[in-house]
Structure formats: C-alpha cells, structure tokens
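As numbered in my numbering, residues 168 to 401 make up the sequence shown, in order.
Any given hint could turn out to be false.
As the list claims (entries may be wrong) - Taking lysine-lysine and the DSS-like style, the derived pairs with C-alpha atoms no more than 30 Å apart in a straight line are: (1) Lys240 <-> Lys194; (2) Lys293 <-> Lys283; (3) Lys376 <-> Lys229; (4) Lys194 <-> Lys283; (5) Lys240 <-> Lys229.
By construction, these hints were calculated from the structure, which means they are not laboratory data.
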Amino acid sequence: MVLQVDEIHTYYGKSHILQGVSLSVQKGEIVALLGRNGVGKSTTLKSITGLVSPQKGSVRFKGENVVGLRPFKISRQGIGYVPEERRIFPTITVRQNLLVGMKPVQQVDDPWTIEKIYGYFPQLQKRDGQKGGNLSGGEQQMLAIARTLMGNPELLLVDEPMEGLAPLLVELVVNILHAINTGGCSILIVEHSIDVALSLARRAYVMSKGRIVFEGTGEALYGDERVRKKYLEV
Numbered sequence: 168m169v170l171q172v173d174e175i176h177t178y179y180g181k182s183h184i185l186q187g188v189s190l191s192v193q194k195g196e197i198v199a200l201l202g203r204n205g206v207g208k209s210t211t212l213k214s215i216t217g218l219v220s221p222q223k224g225s226v227r228f229k230g231e232n233v234v235g236l237r238p239f240k241i242s243r244q245g246i247g248y249v250p251e252e253r254r255i256f257p258t259i260t261v262r263q264n265l266l267v268g269m270k271p272v273q274q275v276d277d278p279w280t281i282e283k284i285y286g287y288f289p290q291l292q293k294r295d296g297q298k299g300g301n302l303s304g305g306e307q308q309m310l311a312i313a314r315t316l317m318g319n320p321e322l323l324l325v326d327e328p329m330e331g332l333a334p335l336l337v338e339l340v341v342n343i344l345h346a347i348n349t350g351g352c353s354i355l356i357v358e359h360s361i362d363v364a365l366s367l368a369r370r371a372y373v374m375s376k377g378r379i380v381f382e383g384t385g386e387a388l389y390g391d392e393r394v395r396k397k398y399l400e401v
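Let's have the full structure, built from the sequences with the hints guiding it.
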C-alpha cells in the first residue's frame, strides 16, 4: 500500500469539512475521487499533502504517518501534487518552471530529466524558451504535471486536470497520465467526469458532504444507478 488515509477529520476554522474520510492507493494503481463541487475532494488532497492538517485520523505514506509534517517534507518523501489552479510561474520560461520542480539530491533509479519530460510532452519542448504565462490552458496543465514529475514522485495527486480543456486535449492528458502510471507512478485523481475518471482508474471513491459514500470498481460504479444519480449527476 502506497497511501492509506484513515478516518481523517479536517476543519477550516469551525467548519467541519472532512468527516472521517478513509481511502487507499496501492502501488502502481490509479484511483479516482469523484463528487460534486464543494464536497471535500480538494481538501482531501490538501490534507494528504499537508497544506491543511487533519485534526484527527492518519495519512500513511508507505507506512509512515505524515500528518503534522510540513508540505515540503511530505513532498520530499515522494508525494507530488498538481493543484487545480496549476500555479505555474508565468514570468519565467517553461524550462525554468521545470527546473524549479527539482528536489535536493534523491536516490532514484530512473529520475525525471528535462529530456525525459520532453519525450512525454513534446508540446512543451516546442515552448522551451517561452514564458509560462504565454502558454495555452492545455499547455499550462501539461507544464504543471511535468513540473511535479521533476520531483520524482512515487504518488501523484492530480486535482481536476481536465478542467476547461477541449476534448482533444483531455484525450492527450489522459494518455499522458496512463503513460506516467505505466512508468511506475501511482496516481490519485480528482475529476468531475465519471467517464474520464474511469477511463483512467480501476477503482473509484465517491464523496458527498465530507464523507466517502461509495468505494468500488469502475464497473460497480457504472452499475450503481442510485449512487450516480444521487451523488454525481447534475
């Protein structure tokens, strides 16, 4: 087990956002976290990465509880995070953005390099010397993923990577995430579209009002009309 989240409770001030969330990701697995807006999906990712700290429960990465650690320490242990807002640096070049993603010396058998990144993201290679702020939305999303990969994560947390992308770019990002996973990186993805999510993930969790209300295979979720209508469909 790469990630084991057990009964975490997270608050924003007095607002009880996560109310006993538990989920897991196995080595080499892609898992989807689904649900409508505002149910706690992004807060779950932020609780795992230490950007917000759960008041109760545990987040175990490769068996070690990381609750209470600062985000940079959690990142250095091997968890990469691609936020919904992308947060690339708009005033520096694509190459410089990638270099920012590098961590201090790591013992990695096959580390991500700029050359390797450009093999996966040829569009970024064409934009190598351009500033991040001049990229299209799809290119910025690719840069956000690529910059995180430069830190050689074992687990990649991706928050709404398809948001605002045209269908052709959605397909491209899906293929890239598949390729990254095939290379050995486990992925936990937050996604609105059940079809997109389950084209990637073997297992899925569904959230509602800060709780997990479904856990199972993609086939089981497609077959559970009650869950889909109550918690996913608009």
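Evaluation of the provided hints:
no.: 1; hint: Lys240 <-> Lys194; result: holds, 21 Å
no.: 2; hint: Lys293 <-> Lys283; result: holds, 14 Å
no.: 3; hint: Lys376 <-> Lys229; result: holds, 28 Å
no.: 4; hint: Lys194 <-> Lys283; result: holds, 22 Å
no.: 5; hint: Lys240 <-> Lys229; result: holds, 14 Å
Going down the numbered hints, you'll see the structure goes against none, and every one checks out.
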